[in-house]
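Q: Model the placement of chain Z on the given structure of chain F, informed by the hints.
Line by line, the protein sequences give chains F and Z. Count along the first sequence starting at 1, add 54, and that's the number in this note's numbering. Count along the second sequence starting at 1, add 54, and that's the number in this note's numbering.
Hints are supplied without guarantee of correctness; some may be wrong.
Note: identical chains are not told apart, hence a pair may lie in one copy or across any two.
Stated by the list, open to error - Derived pair list, reagent style DSS-like, types lysine-lysine, alpha-carbon separation capped at 30 Å:
| id | residue 1 | residue 2 |
| --- | --- | --- |
| 1 | 350 | 445 |
| 2 | 350 | 378 |
| 3 | 131 | 153 |
| 4 | 397 | 525 |
| 5 | 212 | 311 |
| 6 | 316 | 179 |
| 7 | 123 | 350 |
| 8 | 131 | 179 |
| 9 | 311 | 153 |
| 10 | 371 | 350 |
| 11 | 237 | 311 |
| 12 | 153 | 460 |
| 13 | 237 | 316 |
| 14 | 460 | 397 |
| 15 | 316 | 212 |
| 16 | 123 | 378 |
| 17 | 371 | 123 |
| 18 | 160 | 131 |
| 19 | 513 | 445 |
Read the hints as simulated data drawn from the structure, not as lab findings.
Listed below, chain by chain, are the residues.
Number of protein chains: 2
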Amino acid sequence: MPSTQITSAACIGAGVIGSAWAARLAWNGIDVKVLDPHPEAEARMADVLANAERAQARLTMAPVSRRGKITVVREVKAAVDGAEFIQESAPEREDLKIKLFAEIDKFAAPDVLICSSTSGLLPSKLQSAMARPERMMVGHPFNPVYLMPLVEVVGGVKTTRANIDRAMDFYRSIGMHPLHVRKEVDAFIADRLMEALWREALWLVNDGIATAEEIDDAMRFGPGLRWSFMGTFLIYRIAGGVEGMRHFMSQFGPSLKWPWTKLMDTPELTPELLDTICAQSDDQARGVSIRELERKRDDCLIALFQALKTQDYGAGKTLADYEKRLYAQAHAGAAAAAHDFTKPLRLHEAMVAPDWTDYNKHMNESRYLQVFSDASDALLQLIGVNEAYTKRDLSYFTVETHIIHKQEVVALEPIFVETQLLSHDEKRLHLFNVMKHARTGEVLATAEQMLLHVNHAAKKASAAEVPVLAKLAEIAAGQKELVRPRDAGRAIGAVR
Amino acid sequence: MPSTQITSAACIGAGVIGSAWAARLAWNGIDVKVLDPHPEAEARMADVLANAERAQARLTMAPVSRRGKITVVREVKAAVDGAEFIQESAPEREDLKIKLFAEIDKFAAPDVLICSSTSGLLPSKLQSAMARPERMMVGHPFNPVYLMPLVEVVGGVKTTRANIDRAMDFYRSIGMHPLHVRKEVDAFIADRLMEALWREALWLVNDGIATAEEIDDAMRFGPGLRWSFMGTFLIYRIAGGVEGMRHFMSQFGPSLKWPWTKLMDTPELTPELLDTICAQSDDQARGVSIRELERKRDDCLIALFQALKTQDYGAGKTLADYEKRLYAQAHAGAAAAAHDFTKPLRLHEAMVAPDWTDYNKHMNESRYLQVFSDASDALLQLIGVNEAYTKRDLSYFTVETHIIHKQEVVALEPIFVETQLLSHDEKRLHLFNVMKHARTGEVLATAEQMLLHVNHAAKKASAAEVPVLAKLAEIAAGQKELVRPRDAGRAIGAVR
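Same shape as in the complex, but just chain F:
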């Protein structure tokens, strides 16, 4: 459980937002009572909780001590009794919420924070019927609440600054990024930006300019990529080049009068507003140069493409398709080039993926084994242990691995593996893999592996089939003059 001392909380409402709050709190060791009068509330929550569970298993390898317990209750008193934090996610009706907050207020312990998930209603109104409104505010999350970092914290006229700070600390402790919205305004900040874009998107469909899919593609292959790590002001500052934000504004200011959107209620770009924007942009950049910002932007984009490539989605699929063409051409170029069995086989190449690295950005040791395992798989493919073969319940299993680490390697570096067949018989396959840096050729690690051929149905070791053994014999004959690696057959020595 994170730094907060909170161990119990209440979620008012068990819709998509309320259920996801419950999941996020439970991940953090907090027992949650969820209020939902619906007779099938548990069943309706099940899908969201299952997706949340699945997401958490993928999100982090950090140790999470204890999972909080989620219980559905039918009454406000039962939900908030004993709760140390309360998050309301009822339907977006102001009258309903005002009554609800008054009732929550009555049963909740006096110091407990009460936050609303509303997307746009004003906290001053929502807290108007409460006896202790100073601890009520908006904590507006984004879907899916169990993953999205942003929570907009908005106080009403009666909310104290101390309570806003407490809420910010709490949200931070459960892995979120709280943003204090200092002025109370309909729809706060993020939803105003979303709403403006949405209205233009509806015009584009209305006017027959583009379809929903074309509009979405214009975002996710374009500006949406940058917006995942830099907002519109910083992106435009960079676009202004070394002359900076004032240059950008002088170039693009006039476009506010152009019909570049149907939304023509634009602010007047007065010298005062221009000064404000430039000063705020300077503050935001904190002295980091345009060139440095460009490199940060580029590195984030590349990491993003690599990440989406693992999902074969959006800009990641564009990169994957491009790489497929590049590889196809390279392979076509070396078409007739049969494998040279007199050398170690270079069958597997990889790039150190962003999510393979530790806090210190070095490739995690377990990923070394993954790369070696992929290289051994590539050898199995070469000798005919392919999908058709494993469908007959036959395959090789790794029984033993000895890794020696030589050098660290960081994210996004290119690596490859060379494989030498040390020995084999009908059942066993004894390999020596060497991982090298693709640019420098430096040896990063070695892995000696013993694989055993198994008949999965019979659950025992068995002889490999004849064509596989023939291919192994061919490789062994080719590689027989290769020097045996110095580290092969080595044991880990005791410290004396």
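A: Here is chain Z on its own, set in the frame of chain F:
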């Protein structure tokens, strides 16, 4: 070089956009002549080309055969003579561009495509003075052009569909995602969306609601994350839940009349427009269920957080900070617990996560090493190699690992690791880890590991500090009666 047969191209204009086009084309084996009359054009391009070079080295490890040559020329004729593709990126002045296209048209070979990088000018106007306008169109890229996939392809009244298809194929061949904008409209699609959001952002600053940095944070920790892989229509379809897009529109349709942005020129949400949106949303989803879309969204978000974590930026920094707190708490808990040093230490427990398993549901071999690595980390915490220690640039690195697999284990099974200290000296730490099934006690695998104490700043092995060595001595004294594991010190034997 990709599938295109093009080997030479012209870039008209050497600003940020033109230079980045030149870089992208050169990556793809295309020789580029860049037109820029400025006497210092080469120097001005140098920064962009350097950043592009740096980006490409990180983007892909796919084999790129040959880098094209970039040459600056001073006249249109010299630039387009012999060019097989022409991309114009001159300043955004319609009159200037109309004249420029007429001149390019005169010197370019008759079939060569001529594309404009304009962000919003209409191709029908730009092609109006050309003798062969059928091969002229907009190819609107996004900054940085050498990385961003999107290019909006917009034909004018005289552009042929065949030429649009040729341009789309060409852009695809250089790794981009071309989007055909079917209706000619000011600012096309992406810039209209950007402009709408930008106008609202300016209002927020103008009205003193939020600063440039707060507005950017509201995007990059919130909706901007999702927009990097799914556009606003698909995100809203998911938000509508299993009831789908019509449900979402019925809930949020009324907000078009609310002051949720200052931009109130909204389209009328007629039954016809609603039908169009719902039909287009169904087309876009292609029968994929809401639950599947939710999982795709979650997986992309997680991949994205992991990617940004490697850059210690935005939502990635939020995750990194959260993980730091989780690790600190787990370590504090372990350090506070009393340990019996006469037995192997049980410091690490885990559950086999669903995504740790192969297609056959067995834990992947690389995850065995991950679990052993976590167990060794827990021992390091116990002996005082904690965050404060590693902040002094001191730590242990694994130099060697020998894993022996005994039994398979499947998803969701509980496991733990017992650790025996085999030997140690000032610099070395020799461990034997045994992974067991928590319910049956069955041995699943063993890992013998050698760790080396390093001074990271000095980049060399060094003696551990005195309190660490004292704790190791205490453990060694406690465990001295333990039987040495039979598999310790074993080497992988050759097949005979």
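Q: Give a verdict on every hint.
A: Results of checking the hints against the structure:
1. 350 to 445: between (38 Å within a copy, 25 Å between copies)
2. 350 to 378: This pair counts as both: shortest intra-copy Cα distance 27 Å, inter-copy 22 Å.
3. 131 to 153: within (14 Å within a copy, 75 Å between copies)
4. 397 to 525: Within. Shortest intra-copy distance 15 Å satisfies the 30 Å Cα cut-off; inter-copy 48 Å does not.
5. 212 to 311: between (40 Å within a copy, 28 Å between copies)
6. 316 to 179: So residue 316 and residue 179 pass the 30 Å test across copies only (21 Å; inside, 32 Å).
7. 123 to 350: Between. Shortest inter-copy distance 27 Å satisfies the 30 Å Cα cut-off; intra-copy 41 Å does not.
8. 131 to 179: within (22 Å within a copy, 68 Å between copies)
9. 311 to 153: between (45 Å within a copy, 25 Å between copies)
10. 371 to 350: Both ways: residue 371 and residue 350 sit 22 Å apart in one copy and 14 Å across, limit 30 Å.
11. 237 to 311: Classified as both; 28 Å inside a copy, 22 Å across copies.
12. 153 to 460: Classified as neither; 66 Å inside a copy, 62 Å across copies.
13. 237 to 316: both (27 Å within a copy, 15 Å between copies)
14. 460 to 397: Close inside one copy (22 Å), not across copies (32 Å); limit 30 Å.
15. 316 to 212: between (39 Å within a copy, 26 Å between copies)
16. 123 to 378: between (47 Å within a copy, 24 Å between copies)
17. 371 to 123: between (39 Å within a copy, 28 Å between copies)
18. 160 to 131: within (9 Å within a copy, 81 Å between copies)
19. 513 to 445: Classified as within; 15 Å inside a copy, 49 Å across copies.
Checked against the numbered hints given earlier, the structure breaks only hint 12 and satisfies all the rest.
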